[in-house]
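Participant: What follows is the residue order along each chain.
Number of protein chains: 2
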Amino acid sequence: MSKATIKQVAAAADVSTATVSRVLNESGYVSDEVRERVMEAVDRLNYQPSAIARSLKQDKTFMIGVIVPDISNPYFMGISRGIEDVVGPEGFQLMFGSSDENPDKEERLLQLFQEKRVDAIVLATAGGNDGTVRRLADAGVPIVLVDRKLEEDDEGAGLDLVAEDNAEGAFRLASQLLEDGHVRIGVVNGPARASTGRERYDGVLQALRAHGVTTEPIVYNGEFSTEDGILAVRKFLAAEPRPTAVISLNNRMSLGVLLEIVRNGLRIPGDMAVASFGEVEAGSLLKEPGLYYIDQRPYEMGTRAGELLLRRIDAKGEALEPAVEIFRHEVNRLN
Amino acid sequence: MSKATIKQVAAAADVSTATVSRVLNESGYVSDEVRERVMEAVDRLNYQPSAIARSLKQDKTFMIGVIVPDISNPYFMGISRGIEDVVGPEGFQLMFGSSDENPDKEERLLQLFQEKRVDAIVLATAGGNDGTVRRLADAGVPIVLVDRKLEEDDEGAGLDLVAEDNAEGAFRLASQLLEDGHVRIGVVNGPARASTGRERYDGVLQALRAHGVTTEPIVYNGEFSTEDGILAVRKFLAAEPRPTAVISLNNRMSLGVLLEIVRNGLRIPGDMAVASFGEVEAGSLLKEPGLYYIDQRPYEMGTRAGELLLRRIDAKGEALEPAVEIFRHEVNRLN
DNA sequence: TCTGAGTGTGTAATCGATTACGTACTCGTT
DNA sequence: AACGAGTACGTAATCGATTACACACTCAGA
Chain A
144 MSKATIKQVA AAADVSTATV SRVLNESGYV SDEVRERVME AVDRLNYQPS
194 AIARSLKQDK TFMIGVIVPD ISNPYFMGIS RGIEDVVGPE GFQLMFGSSD
244 ENPDKEERLL QLFQEKRVDA IVLATAGGND GTVRRLADAG VPIVLVDRKL
294 EEDDEGAGLD LVAEDNAEGA FRLASQLLED GHVRIGVVNG PARASTGRER
344 YDGVLQALRA HGVTTEPIVY NGEFSTEDGI LAVRKFLAAE PRPTAVISLN
394 NRMSLGVLLE IVRNGLRIPG DMAVASFGEV EAGSLLKEPG LYYIDQRPYE
444 MGTRAGELLL RRIDAKGEAL EPAVEIFRHE VNRLN
Chain B
144 MSKATIKQVA AAADVSTATV SRVLNESGYV SDEVRERVME AVDRLNYQPS
194 AIARSLKQDK TFMIGVIVPD ISNPYFMGIS RGIEDVVGPE GFQLMFGSSD
244 ENPDKEERLL QLFQEKRVDA IVLATAGGND GTVRRLADAG VPIVLVDRKL
294 EEDDEGAGLD LVAEDNAEGA FRLASQLLED GHVRIGVVNG PARASTGRER
344 YDGVLQALRA HGVTTEPIVY NGEFSTEDGI LAVRKFLAAE PRPTAVISLN
394 NRMSLGVLLE IVRNGLRIPG DMAVASFGEV EAGSLLKEPG LYYIDQRPYE
444 MGTRAGELLL RRIDAKGEAL EPAVEIFRHE VNRLN
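Chains as they are written, first to last, in the working numbering: chain A, 144 to 478; chain B, 144 to 478.
Be aware that a few hints might be false.
Derived DSBU-like pairs: lysine-lysine, alpha-carbon spacing no greater than 30 Å straight-line [stated by the list, open to error]:
no.	chain 1	residue 1	chain 2	residue 2
1	B	Lys200	A	Lys203
2	A	Lys150	B	Lys200
3	B	Lys378	A	Lys430
4	A	Lys200	B	Lys203
5	A	Lys459	B	Lys430
6	B	Lys378	A	Lys203
7	A	Lys150	B	Lys459
8	B	Lys430	A	Lys430
9	B	Lys146	B	Lys200
Bear in mind the hints are in silico, worked out from the structure with no lab data behind them.
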């Protein structure tokens with residue numbers, strides 16, 4: 144009862160495999176009578192063509208590998224949805240891998256995807272794999288970078304790139320706190336491997352300088368996890384003198400920041416002001432309004448990435464000049 | 144510079160393709176000298192074997208299809224992590240599909256996964272595809288149901304099943320509210336297609352009966368989305384008489400419930416008590432403690448599902464008697 | 001010396017599709 | 001009547017690996 148092959152269908156319908164293929168793909172000429180015989184055989188045998196065999200012959204898998212640092216982050220899920228909504232209608236299926244911010248795991252995924260012969264790769268890199276990425280690109284695998292740049296180069300380094308204006312966003316976010324009179328600011332930063340972390344932190348420093356603040360900010364370096372936000376707040380609360388505001392450079396960490404501040408019975412922004420790069424879905428559960436945040440547009444970034452993917456896949460390896468798309472944003476205040 | 148084949152490697156190392164294959168798979172005998180020549184050719188040509196070709200020959204893709212109703216729900220992400228942590232070390236890669244609670248989309252995914260010849264399928268069904276599921280199972284595709292049963296049958300219907308004791312959990316959850324003196328309770332229910340929705344709602348009804356409550360609960364039927372929680376609360380607040388407690392039968396909807404109650408300036412549980420089937424990650428952001436919830440154990444469910452998968456894959460189509468695993472839980476109170 | 005087990009390597013079939021090419025028939029045109 | 005275009009279908013090569021089988025050689029034990 145299992146897996147019928149095209150040969151069996153051909154035999155059952157008393158035609159050649161070529162004809163069966165023609166019927167199923169609606170290519171070439173087939174008489175109505177034969178078509179019907181084939182169709183009948185197809186669903187009598189419950190035949191499902193093997194995408195494996197097809198891919199081998201056609202050198203096309205209709206699969207797109209997506210590598211993100213944290214699959215449970217709504218931000219990356221948003222990007223994925225955007226990609227899928229664009230490439231899905233063209234017949235492509237996404238294949239996910241989460242690197243968990245771990246460059247080694249990311250490298251394994253890149254390798255795996257190449258072996259699986261995905262038609263293209265979307266990469267939000269955890270960093271540290273410039274060499275592997277370049278090898279793949281040289282081997283002709285279409286690659287679109289999202290959210291994060293490679294380490295070595297400041298531009299997409301010859302690859303398509305869809306990212307955000309991190310420095311500018313962080314600058315504005317920090318400026319808000321500064322204009323509210325905060326001077327001692329705790330910064331919850333991500334790993335230096337991630338270009339987003341580096342750029343956003345630079346933006347904060349620039350804002351401090353622009354506002355004539357010379358005291359060094361107190362910094363916590365984490366891995367973009369909720370737990371990191373919690374630990375950062377603990378560090379800040381124990382600091383002397385204690386900061387009056389926290390700026391968190393990633394949405395997951397922001398949630399941790401909020402949870403820990405609330406757990407300590409402090410009020411936001413009364414006792415501790417908070418600014419977040421990225422929205423916190425449940426932020427409105429807070430007692431009082433006043434949370435500053437930058438709302439990113441992951442879905443739009445995803446659709447744009449999807450378009451770039453299709454463009455590259457259509458180009459079939461021909462050299463295209465790399466597209467770079469930078470999303471800008473505004474600072475918002477909750478409620 | 145692109146895609147070298149095993150034939151090119153063989154030529155470069157001046158051996159047959161069989162020998163190259165033996166070197167790469169460490170099977171059969173190969174002399175040290177030849178092995179070295181081959182290895183050298185492999186990385187000089189930057190050769191990556193084609194998983195496509197291998198899969199065709201070996202009838203094994205090392206891919207496991209995972210179909211969930213909502214990929215952005217941390218609950219299903221937890222299950223997925225559990226699965227991955229068990230099957231990953233055995234060389235399997237997960238391939239995701241989100242049905243968005245849509246039976247048609249789910250059917251397309253089932254079909255797609257069969258064509259891609261995944262080695263097994265994990266299904267948290269949106270409902271309405273009993274026929275297709277059974278066809279796949281008959282065709283020899285190992286299938287493990289998680290979280291939700293098929294519609295027709297009360298047991299796994301001959302398939303492996305990892306689920307929760309929904310009726311019991313909902314019974315306890317509702318009982319808490321009842322014991323606190325609530326009589327008018329708003330129930331935020333999911334679609335009847337989902338077995339979880341049906342069973343949990345039954346549990347609530349049983350609790351009402353057991354506590355001698357005869358007034359009909361006021362019910363909102365949604366699709367397990369956050370938006371549904373919001374709409375449900377609007378309905379309840381407009382009802383006359385207004386319920387004093389809400390029980391939400393799914394974590395996503397619970398978040399919506401909390402958000403909308405807070406948005407209306409009401410206190411939890413003072414003005415409106417809330418009980419949730421499933422944890423709400425950011426629940427602790429609430430002003431006051433008092434949220435009842437059942438904490439599910441998606442990760443453990445995932446690992447169990449992973450084990451069942453491996454068992455079935457190892458069995459290679461031999462009939463195994465179906466395993467059914469039901470997780471039970473306790474009611475907790477936040478803070 | 002003969003035998004058989006253990007090594008080392010190549011030849012060719014195979015997996016399940018697609019597709020280039022060839023053949024044959026039917027018409028309408030000139 | 002000859003020709004070319006359009007229609008209908010089959011044969012066999014092909015994609016890139018794995019693997020059954022065959023062959024050849026080495027060496028230890030009888």
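Participant: Does the alpha-carbon distance linking A:Lys200 and B:Lys203 stay inside the 30 Å limit?
Facilitator: holds (18 Å)
Participant: Going straight from one Cα to the other, do A:Lys150 and B:Lys200 come out at no more than 30 Å?
Facilitator: Status holds; Cα separation ~16 Å.
Participant: Below or equal to 30 Å on CA atoms is what counts here, so check B:Lys378 against A:Lys203.
Facilitator: Measuring from Cα to Cα gives roughly 51 Å; hence the hint is violated.
Participant: Holds or violated: A:Lys459 and B:Lys430, Cα atoms, limit 30 Å.
Facilitator: violated (56 Å)
Participant: For the pair supplied as a hint, B:Lys378 and A:Lys430, confirm whether the alpha-carbon distance does not exceed 30 Å.
Facilitator: Answer holds: B:Lys378 to A:Lys430 is near 23 Å, not above 30 Å.
Participant: Is B:Lys146 within 30 Å of B:Lys200, Cα to Cα?
Facilitator: OK: B:Lys146 and B:Lys200 at ~19 Å, within 30 Å.
Participant: Keeping to a limit of 30 Å between CA atoms, is the pair of A:Lys150 and B:Lys459 held or broken?
Facilitator: OK: A:Lys150 and B:Lys459 at ~23 Å, within 30 Å.
Participant: Run the distance test for B:Lys200 versus A:Lys203: straight-line Cα separation, threshold 30 Å.
Facilitator: holds (18 Å)
Participant: Can the restraint linking B:Lys430 and A:Lys430 be considered satisfied, given a maximum Cα separation of 30 Å?
Facilitator: holds (6 Å)
When the structure is compared with the earlier hints, violations turn up for hints 5, 6 and for no others.
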